[in-house]
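K.L.:
Sequences listed follow chains A and B, in order.
Heads up: take any position in the first sequence, counting from 1, add 7, and you land on this note's numbering.
Heads up: take any position in the second sequence, counting from 1, add 7, and you land on this note's numbering.
Be careful, since some hints might not be right.
To be verified - In silico SDA-like cross-links for lysine to any residue, where the CA-CA straight-line distance does not exceed 20 Å: (1) Lys54(A) with Gly397(B); (2) Lys312(A) with Thr294(B); (3) Lys349(B) with Leu121(A); (4) Lys349(A) with Thr294(B); (5) Lys349(A) with Thr61(B); (6) Lys312(B) with Lys54(A); (7) Lys312(A) with Gly397(B); (8) Lys349(A) with Phe124(B); (9) Lys54(B) with Gly120(A); (10) Lys349(A) with Met128(B); (11) Lys54(A) with Gly89(B); (12) Lys312(B) with Asp333(A); (13) Lys349(A) with Lys349(B); (14) Lys349(B) with His389(A).
Everything labelled a hint here was simulated from the structure, so no lab data went into it.
2 protein chains.
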Amino acid sequence: MSVTDVPGFVASGLSCGIKSSNRPDLALIASEDRTPVTAAGVFTRNKMTAAPVTVSRHNLARSAGRAAAVIINSGNANAATGPDGMRDAAVMASQTAKALDVDSHHVLVCSTGLIGFPLPMEAIESGIPHAVEALSPDGGLAAATAMLTTDSREKLATVTADVDGLVTTFGGIAKGSAMLEPNMATMLSVITTDAALTPDEASGLLVQAVESTFNRLTVDGAESTNDTVLLLANGRAGRPEDIASLLAPLTEVCTELAVMMADDAEGSTKTVFITVSGASSDADAATVARSIANCQLIKCSWYGKDPYWGRIAAEAGSAAEAFSPDTLTISYGGIPTFEMGKATEPETGALAEVMNQRRLDLDIDLGQGPGRSQIVTTDLTHAYIDENMGTS
Amino acid sequence: MSVTDVPGFVASGLSCGIKSSNRPDLALIASEDRTPVTAAGVFTRNKMTAAPVTVSRHNLARSAGRAAAVIINSGNANAATGPDGMRDAAVMASQTAKALDVDSHHVLVCSTGLIGFPLPMEAIESGIPHAVEALSPDGGLAAATAMLTTDSREKLATVTADVDGLVTTFGGIAKGSAMLEPNMATMLSVITTDAALTPDEASGLLVQAVESTFNRLTVDGAESTNDTVLLLANGRAGRPEDIASLLAPLTEVCTELAVMMADDAEGSTKTVFITVSGASSDADAATVARSIANCQLIKCSWYGKDPYWGRIAAEAGSAAEAFSPDTLTISYGGIPTFEMGKATEPETGALAEVMNQRRLDLDIDLGQGPGRSQIVTTDLTHAYIDENMGTS
């Protein structure tokens, strides 16, 4: 049950009428006793910032890193909506605060859906009291459902960690299946924990965990206007001596959610784990990994189950700072297809089996230095185009 | 007839058996009397450089910018082929030189096709004498045909310029329909002229013309291992006083060929002319134009004839250095859909008509400064995926 697996958090999700399909579109995650808890956020770097991102950033600053609740709507991004959109996001927070009887700057707001349409405020304002009423220690799944857009399934994760005898829990929910790119395009995630953290500690841990997980996921290179990852920490489990030890379980929750997003990416048939090693630096490895992940030609070949290393070599040669074909090795599922400048003659049966799996490991060793980077991505398919040809 | 519209150049094209389809795969462009003429080249910046690129660069350096012929094969890129590939490219040049009775460093070599397979040298060596035999002042079309890979049609252009009474002709042929990106991915072009130019002048003009034409074309963001644009100038028409005046006709030939490549891009249904204005600098405008051109989500919406400005706004906000939604205007075919921070209510009939055309003008005014840039690109379609799922 994810966020509500952590003692002291309640959640709910319901349909308030934003989506014409009547599927759930309003989610609420709250502190059970309405007390504000430590809160931290990582947001999109897109300058076309959606109104809810601006309001959540503002509220986090005003409260100095405390929040009692997160209200989320799907079906409408409230982005590129001008001053009206800013007012709507603020009203969404204040109405939720009123229904919960907390200060309005203790409520954070997230929206996801189409850009450029006014938020249907009547639906949202009528839905908020019901969402508060429905809050429950079993509500994690309902909240995870209500934040979905084109996702085909809920994304939930719970990790329990024992640090020197102190047991803490991290629970997370997330949505996102397209417009995904490092820097977290169109993804929302709320993570709760019962560890005791200061706002600065929560923020520091969250930034690190996001960097190595959500920011290493790319589906289509598009960065959204609404990306938000929030961490709420209520301290019920107490405070471990070594705060840094909490990075591992937090990262694990983020990793699980990120891989779920790749597995559920729009129209995808493959989740591809790209590892670039032997680069002149970690940064160069990251550049190469990202350009391979976002290369349309290569993404099509994964869809076609074609272990065509030629396009990989060409993309690596185009993107890498330090590069020579003579030190390059490219392997699919551990089977080298190009090794130190020469095409190999791999056993075709074994290679076909690797290409038939949903999850594919692609390893590129540049043979130039100690730099290394990983990224998770997906293939490019007919179904992706079908989903993105129109907005209706 | 393109390259052979220029007096003093002959060409031929035939099938030598590289392509299993028996379609033409060997092209030759030569100085009619075998005299070396001024020659300049612009090549891929990909570090995974194909052998023919290395050989052509070397021969141009050794001859100090002179060439008597260009030999081109399609159906095999001779890339990632190691030392054997280097030898094969050199033999391709020397065999052509022998058949023409010129020095081998006066022959330039181009290859295009699949990466990673040895060149079928027997076919090429047996084809070369036939290609020399077939050289003709009417051979431009045959050469243009023999350099094609997945292109559906030949790309030919001829421009005549009258500079202060001196009439010069520029004729060009080109191939390229995927793996196209600024920096000229998988494109080959040979341009001839009867203007008299020194090698340095030819090189200077070519670099400028390529920068504003072929390097402003992107289909899928992939940069090839083989890109080559060559200019041959035999001086028969004489030398204009103002050499810079030749930039216009040369650029015109390149523009025509570049737009032909976009119009013929793999599986595309739209050629999109993106103009970004009002950027803080030309460089920022170019960054924004290129990220919009290479955004999968946006490319799908063009295919779906959907004037969804939301994704354009999001991509611009992600890519631009200086950006505010409040000064942003986005127009399709001159019809604003988002203007100074607000969605407009365009006449849907007129907008639908714009979206129905093969060629689409997309204008993004950032309203931040004087920076401006243009790029030509295409949509992302089911047929693109079909063509790129496999290599066979």
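K.L.:
Tell me the numbers of any earlier hints that the structure contravenes, in ascending order.
P.N.:
Result: hints 1, 2, 4, 6, 9, 11, 12, 13, 14 break, sorted rising.
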